[in-house]
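Enquirer: Residue-level listing of the chains:
Protein chains: 2
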Amino acid sequence: MIYTQAVLTVDLKALVENYNFLKQQASHSIPAAVVKNNAYGLGIENVVPSLVNEGCNHFFVALANEGEKVRKFAKKAHIYVLQGVGEDSIEIFRKEKLTPVIATPKMWQFWKQNKVEGIRPVLNVETGLNRLGFRLKDIQNLSEEDKKEFSYILSHLSCADEPYHFMNWHQIEAFDNISKFFPKTPRTLSASDGLFLGEKFQKDMVRLGAAMYGLNTAPDRQNRMKNVVYLKAPVLQIEDVAKGEYIGYGASYKVAKNMKIAIVSVGYADGLPRSLAGRGRVFFAGQEIRMVGRLSMDNIMCDVTDIKNLNEGDFVDVLSSQYTADDMGQDAGTIGYEILNGILKSGRVSMDFVK
Amino acid sequence: MIYTQAVLTVDLKALVENYNFLKQQASHSIPAAVVKNNAYGLGIENVVPSLVNEGCNHFFVALANEGEKVRKFAKKAHIYVLQGVGEDSIEIFRKEKLTPVIATPKMWQFWKQNKVEGIRPVLNVETGLNRLGFRLKDIQNLSEEDKKEFSYILSHLSCADEPYHFMNWHQIEAFDNISKFFPKTPRTLSASDGLFLGEKFQKDMVRLGAAMYGLNTAPDRQNRMKNVVYLKAPVLQIEDVAKGEYIGYGASYKVAKNMKIAIVSVGYADGLPRSLAGRGRVFFAGQEIRMVGRLSMDNIMCDVTDIKNLNEGDFVDVLSSQYTADDMGQDAGTIGYEILNGILKSGRVSMDFVK
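Protein chains in written order, with my numbering: chain C, 1 to 355; chain X, 1 to 355.
It should be emphasised that the hints constitute simulated quantities derived from the structure, not laboratory data.
Hints are supplied without guarantee of correctness; some may be wrong.
Copies of the same chain are indistinguishable here, so a pair counts whether it falls within one copy or spans any two.
[Stated by the list, open to error] List of simulated lysine-lysine pairs, BS3-like, C-alpha gap at most 27 Å: (1) Lys106 <-> Lys243; (2) Lys148 <-> Lys76; (3) Lys254 <-> Lys308; (4) Lys243 <-> Lys137; (5) Lys13 <-> Lys226; (6) Lys106 <-> Lys308; (7) Lys137 <-> Lys257.
Produce the entire structure from the sequences given, and follow the hints as far as they go.
Expert: So, in structure tokens, the structure goes:
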């Protein structure tokens, strides 16, 4: 058989299991699902219905247009928009009853003048990441009346994937201190990395993202999440290459001894980072296969000299439980997040779902 | 004003100008447009009609499902599928009258048994890239009758962006030698990088890709292409950060002296590579602004201490004529191709078109 197209599979069952596992790990907190960036590329239309089905009633997105899409599948849920609200999005907030996460005093003034009936905003407070959020001076400028307007106080940890990092303790102290300005307001601090730092970090609501999608957010330990994203790609051609020949663009790879290569129908158009050159791997029946030369847009070349039983038409595993997005991220000098983002958004490969 | 969403603009007018400029550079050859990978992310539905309008009648894609999409907008054109044909795509070839680029002897046998009436395939011959294509032994095994079946002989250069690279001369010699087996068959060797190597490399058809999309495929010289893709993103917040504080994930950036930062609503979810950390730049009214700390999924932080007249609500230029995908690629340790691919496929940002 001859196959030309890669196959992407998303295991929604595993995603739901991850969600429920994480929920148990923070059993005193309300679980919220982070589905920004089109559910990290998996598709809001795929992920949100599965989570609503599990009783999930709180969703975080980055932008209002993402919230609009979530609303279609979660009619009654709270939908929080992390980048906040502005002139370019207020109409969507009004129509879809979205909850803004207020990041700046200017945004707070805007919201007071344009607020949506029945919506109590979240206040983003800065505790050490130096990203969006009210600084101490801004909080001190809020009136007592204003302070009662918020449904949650929110902050975000910068180093929660490193359990012994001093920033975790610095940030939780800052957060607890800021919370004194809002004695009766519920709080949310941790995403799925912070959650593993223990109950002290879990507060009233946890925001389940990366780990739900199978990524390891406690990389000092074995990943306890189920893998969610699988990619396999067909071998189009197997050829002998003689010592002294070159492989791939830039003739950057010179063959040191006679080699057998497989040309696989997947490339950086499918979201594999070019930085995998010299370090990338795929797998066949458990055997590790090394990429050779630069990655092309539509192809990779691999050294299959010692690989057993591989034939043209076979599929190799590009992402699997054996070699996850975290593993590829490590090989590529980045993180699993960016890998998932690239691969899931390639848009060329049809997505199959396990439900 | 408060804006939360980035804005992507694609200048289709510039793309058409680039197409016509390249056509003139290879005036003895038939111009074909490479629109694989969903027209490098710009959208087949946007790019193909503009090119058909200019009389373009030859299109290259990687996969059959891309060819299917091209056919909607180019009813009569020749549509060549670079990854070839197999069991998973033959029905699309039949329905849409696509032309396969035959890569392997096995694929050739498959085509002979399944060929589509009225379609003459292209033969991919390997000349030094060591990617898909017939090797010399495979060509020698073709019957005289078989050899007459092909509408074009195709190969691809590995180092055409380096005009003095020995591989260019090695490959053109190999290609000319192989051509002797097909004395009457038209030939295509060069993409928009090889085209600039001169008429000798242009043969009967040139395949216009990267340069048409504005990338510099002759990087030893000033780019003669017009920029096609523009991305700008709003500043959500401007804040003072004190010496000794940290910025971003991992607390990897420690502030050496008091600094003013801008938090911009764009991140690696929008296709900016994380490898820009420590090296990335954006622009405001021509002023260069340095990113500080790691890139987040939805935000970047920038040092704006010395930047004049920048306020919350202003937009900074992320990609522009001043700082193109090639420039960002260089800062990120990759190429403009991969940058365009990531940014255009982010799918979060609405695309505006200049027509």
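Enquirer: Does each hint fit the structure? Answer for all of them.
Expert: To see whether the hints hold, each was checked on the structure:
1. Lys106 <-> Lys243: Result: close only across copies, 25 Å inter versus 65 Å intra.
2. Lys148 <-> Lys76: within (23 Å within a copy, 66 Å between copies)
3. Lys254 <-> Lys308: within (24 Å within a copy, 50 Å between copies)
4. Lys243 <-> Lys137: between (67 Å within a copy, 17 Å between copies)
5. Lys13 <-> Lys226: For Lys13 and Lys226, only the intra-copy Cα distance (9 Å) is at most 27 Å; the inter-copy one is 47 Å.
6. Lys106 <-> Lys308: between (64 Å within a copy, 20 Å between copies)
7. Lys137 <-> Lys257: Between. Shortest inter-copy distance 20 Å satisfies the 27 Å Cα cut-off; intra-copy 66 Å does not.
In terms of the numbered hints stated before, the structure departs from none.
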